[in-house]
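J.: These protein sequence lines map, in sequence, to chains A and B.
The first sequence maps to residues 1 to 179 in my numbering.
The second sequence maps to residues 1001 to 1237 in my numbering.
Rather than coming from a laboratory, the hints here were simulated on the basis of the structure.
Cβ atoms here follow ideal geometry from the backbone N, Cα and C, with glycine treated the same way.
Don't take every hint at face value.
[As the list claims (entries may be wrong)] Listed next, the in silico EDC-like pairs over lysine to aspartate or glutamate satisfying Cα-Cα at most 16 Å (straight line):
id, chain 1, residue 1, chain 2, residue 2
1, A, Lys-148, A, Asp-158
2, B, Lys-1037, B, Glu-1027
3, A, Lys-174, B, Glu-1039
4, B, Lys-1069, A, Glu-23
5, B, Lys-1061, A, Asp-158
6, B, Lys-1107, B, Asp-1171
[To be verified] Label pairs and their computed distance ranges (CB to CB):
id, chain 1, residue 1, chain 2, residue 2, range
7, A, Asn-42, B, Lys-1059, 13 to 21 Å
8, A, Lys-172, B, Arg-1023, 45 to 53 Å
9, B, Tyr-1109, A, Glu-175, 56 to 64 Å
10, A, Glu-175, B, Gln-1133, 45 to 53 Å
11, B, Val-1153, A, Asp-113, 53 to 61 Å
12, A, Lys-124, B, Phe-1026, 26 to 34 Å
13, A, Glu-175, B, Arg-1023, 51 to 59 Å
14, A, Asp-26, B, Lys-1178, 17 to 25 Å
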Amino acid sequence: MKKRGLENFYERLLRGDEAALIEVYDLYRAEFLNFFKKYDINEESILDIYQDCIIVIYQKIYVEHLTLEHSSLKTYVFGIGKHKVYDYFKKSQIHNNNIKNLKVESKNFEIEDTPNIYEQTLAKNLSLISESCQHILKLFYYRGLSIKDIVDQTDYKDQNTVKSHKSRCLKKLKELCNA
Amino acid sequence: MHKMNTNQHIQDYLHNRMRSDERKDFEKQLKEDKNLKKEFDEHKSVFNAFKINEAQRLKAKLKAHEAQKSSKKRFISKPVLYSIAAIFVVLLGSSVYFNFFQQDIYKTYFEPYPNVYQPVVRGSSQNSTTTFQYYENSAYEKAERGFKALLDVEEDPNLRFYYALSKLNQDKFAEASKEFEKLGSVDFEFSAEVLWFHALAELKLDHYEKAKILLSTMNNRNLSFKTTERNEILEKL
């Protein structure tokens, strides 16, 4: 029953169900905080790291269609957690004897590099383009829908309209970044 | 590679819709084809930009959820709870008292100021006449818009005074106060009235000290307008 429930979480996250994100957050929260207590990190920082982990996993499943063939959702949460805690010590330059173990354990759960300046500029400027532009670019780039899928899921009349609108929106976004 | 196929391949790669052999092939192509690499990097940048924004949105959502959880869970011991309850009762009592107090003063002393500036007669400027007609007929919202339009053309303290009164009559106390503030340093026909109505607006905003200063200014200047009333209020304050 429990296994079925967890499979259900994965499927719900895959559909982008944000209520499932909250449920998963509540499910592993206490255990996660308890586990990382031994690394002498204050609770506020662990909580912050935990929130980031849950978001990474949500995006990995919903956007990047991560499959959990070799590990459970919980293993993945803790794996990403170890990685992030290791980064936390590295960035804050706090010495901790246990962090070497963390690095070894977390090598299978590597996460992306920090976004570069151009990506951060793009992110900031996304809010400056029209809502219809944000919507179409989000469907194409973030959700990875094909032009045909976008026509099927929206009110655009055909693929050419989607293509030209998408191009105009991308051009506008780039102009804002170069301004 | 055809443009459409390129986009699709990039999407399939970023969204993990490729088999492992297809991924390896694609990665090989990325190393060999500079144009493809350029297009891929551009696509990935927009992809990552959305990830950044969505992550921020989700983080705010989780923080709000966390705050809600901790406020529900917070344990308060009985003695502390009683102390908080006692403080709450005192505060509630005082705020209710002040609320009644300031409402009472405002209700007792506020009355709409008549149009004594421009009698509504033929020959006046059409727009100005219509606006004062609205004011006289208590159509304060229309009067406010009319005075605003007139002030946009030309600054006139008299019109601004009635503009502020139009707001005050609609219970827009903060906005009215702002307009009266602008007239505070202007010496004109309605200077005494400005101080009076400004003080009433400040009372409604719970700015008792400010109200006291304004009413005292009327006394210091020996203004004859509302002498009895302002001294009554000053005594209560």
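J.: With reference to the structure, classify each hint as holding or not holding.
T.: Right, here's what the structure says about each hint:
Proposed proximity of Lys-148 of chain A and Asp-158 of chain A is supported: the alpha carbons are some 8 Å apart, at most 16 Å. Distance hint between Lys-1037 of chain B and Glu-1027 of chain B is fulfilled; the C-alpha atoms sit about 9 Å from each other, no more than 16 Å. Taking the CA atoms of Lys-174 of chain A and Glu-1039 of chain B, the gap is about 14 Å. The hint holds against a cut of 16 Å. At most 16 Å may separate the alpha-carbon atoms for a hinted pair to count; Lys-1069 of chain B and Glu-23 of chain A meet this at roughly 13 Å.
The hinted pair formed by Lys-1061 of chain B and Asp-158 of chain A fails the criterion: a straight-line CA distance of about 35 Å is larger than 16 Å. Note on Lys-1107 of chain B and Asp-1171 of chain B: the hinted pairing holds, with a Cα-Cα distance of about 12 Å set against a maximum of 16 Å. Judged by the Cβ atoms, the range 13 to 21 Å given for Asn-42 of chain A and Lys-1059 of chain B holds: they are separated by roughly 18 Å. Restraint check, Lys-172 of chain A to Arg-1023 of chain B: a C-beta distance of roughly 32 Å breaks the suggested window 45 to 53 Å.
Restraint check, Tyr-1109 of chain B to Glu-175 of chain A: a C-beta distance of roughly 59 Å satisfies the suggested window 56 to 64 Å. At about 51 Å, the CB distance of Glu-175 of chain A to Gln-1133 of chain B agrees with the hint of 45 to 53 Å. Look at Val-1153 of chain B against Asp-113 of chain A: about 59 Å separates their beta carbons, and that is inside 53 to 61 Å. Checked against the hint of 26 to 34 Å, the C-beta distance between Lys-124 of chain A and Phe-1026 of chain B comes to roughly 30 Å, which is consistent with it.
In this structure the supplied range 51 to 59 Å is violated for Glu-175 of chain A paired with Arg-1023 of chain B, their Cβ-Cβ distance being about 34 Å. A C-beta distance of roughly 47 Å is found between Asp-26 of chain A and Lys-1178 of chain B, which places it outside the suggested range of 17 to 25 Å.
Of the hints listed earlier, those the structure fails to meet are numbers 5, 8, 13, 14, in rising order.
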